[in-house]
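Q: Per our numbering: the sequence shown ends with 110, consecutive numbering throughout.
FYI, nobody ran anything at the bench for these hints, they're computed from the structure. Fair warning: there could be bad hints in the mix.
Claimed, not checked - Each computed BS3-like pair below joins lysine-lysine, with the alpha-carbon atoms no more than 30 angstroms apart:
id, residue 1, residue 2
1, LYS36, LYS18
2, LYS103, LYS18
3, LYS34, LYS18
4, LYS18, LYS95
5, LYS40, LYS29
6, LYS16, LYS95
7, LYS95, LYS36
8, LYS103, LYS36
9, LYS103, LYS40
10, LYS11, LYS29
11, LYS16, LYS34
12, LYS29, LYS18
13, LYS95, LYS11
14, LYS29, LYS16
Here the structure is a predicted model, which is why all the values come from computation and not from measurement.
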Amino acid sequence: MSFGQNVVATKIELLKYKRSSQVAEMVQKILDDKRKVLLKNIEEMIEEASRARGGIWDPLQDIYSSVNEAYLSLGSSTVDSVAESTPPVMEVDVKVRRVVDVKVPVLEVT
């Protein structure tokens with residue numbers, strides 16, 4: 001069935017179109033439900049990121065004040081040499097989580 005064809009309006013053809021319309025409405029409802037679930041999941045991820053971002057400021061302030069005190073008491077050359085001898089350690093694990101058959105990357109920083 002393509003658009004622009006002359007279709008005879010028989011009862012069988014009308015029933016086919018009615019059935020097609022019902023299937024299309026069901027598919028639309030399923031897709032709408034999936035969209036709602038995805039949007040809710042995105043909102044939860046945004047809230048989690050906001051909480052994580054908000055919780056990082058206090059430790060960062062403590063770290064900066066400690067580094068500042070170290071510079072004042074030990075001197076910049078000593079602190080710089082210690083900083084250069086310490087290897088940076090940060091691991092990021094990337095995992096994939098499926099939400100309503102959509103792959104969502106999840107980053108875990110340790």
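Q: Each of the hints needs a verdict: does it hold here or not?
A: Right, here's what the structure says about each hint:
no.	hint	in the structure
1	LYS36 / LYS18	holds, 27 angstroms
2	LYS103 / LYS18	violated, 35 angstroms
3	LYS34 / LYS18	holds, 25 angstroms
4	LYS18 / LYS95	violated, 44 angstroms
5	LYS40 / LYS29	holds, 17 angstroms
6	LYS16 / LYS95	violated, 45 angstroms
7	LYS95 / LYS36	holds, 23 angstroms
8	LYS103 / LYS36	holds, 16 angstroms
9	LYS103 / LYS40	holds, 15 angstroms
10	LYS11 / LYS29	holds, 27 angstroms
11	LYS16 / LYS34	holds, 27 angstroms
12	LYS29 / LYS18	holds, 17 angstroms
13	LYS95 / LYS11	violated, 54 angstroms
14	LYS29 / LYS16	holds, 20 angstroms
Taken one by one, the earlier hints fail for this structure at numbers 2, 4, 6, 13, listed in ascending order.
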